[in-house]
Amino acid sequence: MIQVKHLRKDYFTERGRVAAVHGVDFEVAEGEIFMLLGPSGCGKTTTLRSIAGLETPDAGEIWLGEQVVFADHGKTNVPVYQRGVGMVFQSYAIWPHLTVFENVAYPLVYGVFKVPKSEVRDRVDKALRLVGMEHFEDRPAPLLSGGQQQRVALARALVYEPKVLLLDEPLSNLDAKLRAEMRVEIRALMKRLNITAVYVTHDQEEALVLSDRIAVMHAGEIRQIGSPRDIYVRPENDVVAGFIGTANLLRASISAVPGNTQEGLVSTPIGDLVCSLPPSAAVGQLVTIMFRPEDVLVRGSQLSQSQNTFSGIVEQAVFVGSRFQCVISVNGLKIDCEVPKSQVVEPGQNVAVEIPRRAIHLLP
Amino acid sequence: MQVRDKQHRPTLSTAALPVACSWFALSGIIALLAFILYMTFVPSLPTEPGFTLNHWKSILSSRLLTQVIPNTAIVGFGTILVAALFALPLSWLLNRTDLPFRNSFITMMGIMPVIPGFILAMGWIMLLDERIGLLNLAVAHLLGLESLPFNIKNNPFGIAWVMGVVLTPGIFFLIAGPLRALDPALEEAASVAGFSQWSTVFRISLPLVWPGIFGGLIYTFMTAVSIFEIPALLGAASGKVPVLASEIFYAVRPGGPTAATFAYGAAGVYGVLIAVPSLGALYLYLRTLARSERYQVIKGKAYRPREMNLGALKWLGVAFVVFYLMLAVVLPLSVLLWASLMPVLQLPSLEAFSKLSLRNYYGLLAPLGGFPVIRNTVTVVVSVSLLVSFFSFMISWVVVRTQLRSRKLVDMLAMLPHAIPGLAFAFALAMLGVLASVWLPWLPLSGTLGIIMVAHLINRLPFATRIMNSALAQVHWELEESAQVCGSKNLTIMRKIVLPLVKPSFIYLAIWTAILSFQEVTMALFLSGPHNQLFSVAIWELWDGGSLGVASAGAVTMVGVIGTLMFMVLRSTGGAVSGAQTVWPRLPSSDTR
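So the protein lines, in turn, are chains A and B. Position 275, counted from 1, in the first sequence is what our numbering calls 275; the numbers after and before it change by one each time, with no gaps. Position 154, counted from 1, in the second sequence is what our numbering calls 154; the numbers after and before it change by one each time, with no gaps.
Because the hints were derived from the structure by calculation, they are not lab data. Keep in mind that a hint or two might mislead.
Cut-off 27 angstroms, straight-line C-alpha distance, at most; resulting in silico cross-link-like pairs (BS3-like, lysine-lysine) [unchecked claim]: (1) K75/A - K240/B; (2) K114/A - K496/B; (3) K57/B - K153/B; (4) K496/B - K117/A.
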């Protein structure tokens, strides 16, 4: 439904030419929710705005359905108002001089999505009902709460039934609880309407909950594309591993290559670890290993006989409600761990730390 | 986030119409300026061939060196002296002390520029004329003097006095900004170090705001030397106190006793002689501003300025403010009102009161020029107001809303007429009119309302774009982008989204422009012909012809109309203070971005 090929965009600043996006490629299938995730300044918003036509890229191609909307360095460049996309902005961009009804009706009254007058009311009512705002039609926009404005913005973007919906950090101005509710609601709505969506966020939790696929962006490039589970469980590089969730990253060298058991040995600053190695692994090769805090097992002081177990000292234990978040020093290195709330941990306590073989993931 | 806001702006392709409109207006300004320069090298009219340097050589003429330039200098420096003597205490009293009625006083300072300078000058002549001056007569009477003590006419110091009083609010608002922004911590530190309140003012506050004061003085100087109307009434028209501005005027419109022939090239030279120092002063002012920013004292951050407790002295302060307002507004306007009700100007007495009548008002329309003058005035005022609103909106849209690299240039060019006297533009337009009548006889230009409208448009553009810039900057760009995504083209977006959102600023701007166009006399007079007389020009000519009573009645009527319009401005903004500050000179670095 959406194809972005070799997209490039530079900016001119006081310090000269800065590449905001260099060489971004992806495709979004019909009905898919595609997430552009990354820290601020990574080029995700520029990419989204290029799809909308609000930004003119320097190079690359953009296809919406069967239509090429940008190509040949701008020789083909369909103007914004003809691209037929819906967009929800970070500031909501609800026009403050209009009522809720007038805001949502705007695309149907002015411009290329014009419909006969008699249809306007039905279409607006339908869109407002989708987002649960049907009782606020006559309310002037400035009298809406943030969450309500968000819903109106969504209704306005959906009212002309666009092929594609673009969302630019739509939830970042809401409070935490409302944000959590809206995530679930937006996903349900988009799935019900079978809308193709590109969604920009810097909030990894939002990305995991909402999307079908995630592209993690960093410094103008896509570092990995995959399902939320893939991205979380099998990050392809340290940037992705570090950005999604919390990750323990250790430099390691391979010290023994498996025969046919698939179990190799790597040596790390905290000690030797048994883990699965790819067939291509060779002794002496330098790698980075990654494991998640919630996969680490922390036990009382007695050392068990199981694999990959080290003794450590609890340096920090923060109770966050559902669990403890701990920092445990193992051979002088700090490891992030999570401990169930039923288990009591205190700073200074001696513990045994087990890193299960299956939790260890190798990064190139 | 700041960086992002700047990067993500609408792209070039969407801005064709506003860009075209902006460059249409701005290229007109550039062309007129180039034309003035060109005129200085042409022997007579540009329709006739030839090249000459004689006009430039004429700078060395004795008249210019011994009369015009010294007079201009006296007027310029005298004006800033008088204005500073009023403005410095006023701005400190009204901005940094607990003076009673401060806000009302500031509002009054803010609406001062709408009272036409030539009307105030007329009032001052009636007060201090060497023969009929009422204040003169009253003082002589009280002190039992044989001769009248003051003479304001035919005297460069008299011109400086009136202009100083009229231009005081300009310096006032230029200094008010830095004074209010002064970090109170610096002054508190001085108090802690054992300085008294008064020595803190002189040793700490004054030196810190000195760059702002200096800038204001330079600025007022360049305004003073480019004003024509006040010197003309007070002695330049009679040829006794010629200044540069009046030289331009009478070189192209002989009528004064000195110049009997047209001297177009010379007028161009005089125009350049005013414009170059003005541009220099503008540059200096901008540099002073930039340097004052380096002090890091004057920041955009909203400090609450420390207010000095005046104690019992506060009534002395109030007396000073009232004294200034009496001199600047009340006295000259009351004498005009008095004169308009009298058959012959005389001191108030029982006998005089018995002669009070509205006769000067009953027959006012006929001597002003009848209905056509009213029609002309309304046409010009309304059209200028609409044109200025339209072009300033287009220019500001380009400056604030696009990422074109030329947008800074556009902003600067829109400020240009601010540094160049209106008379210079009027001169260039008049010359174009002469050319058009020779080369393009089908294009009426000379002596039309249109030529006055263009002059007013150029003259008002700098202020208007300042107001529009800040109005548009307050409309979040996503509000426009979301309309684009919703399928609207630029024109629809401007009509349906942007215009309604900046409507209050628009109304405010339109009324202000209307007032200032209504009271403008210099350019309108310069470009006047038999068929494009305006109200202000008619008053001027009545005065010139010696009908003081009728001219006064006209002036009072004009002030009345302006007062009504001003009331609308106050209603539309909910207070004049903010408005006054946007109408008084603000230069590019101090606002927009």
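Hint by hint, here is what the structure shows:
Among the hinted pairs, K75/A with K240/B is inconsistent with the structure: their alpha-carbon atoms are about 68 angstroms apart, more than 27 angstroms. Distance restraint check for K114/A and K496/B: the Cα-Cα separation of roughly 15 angstroms lies within the 27 angstroms cut-off, and the hinted pair is therefore satisfied. Of the pairs offered as hints, the one joining K57/B and K153/B is violated, with about 31 angstroms between alpha carbons and a cut-off of 27 angstroms exceeded. Only pairs whose Cα atoms come within 27 angstroms are accepted, and K496/B paired with K117/A is accepted, the gap being roughly 18 angstroms.
Against the hints set out earlier in the document, violations occur for numbers 1, 3.
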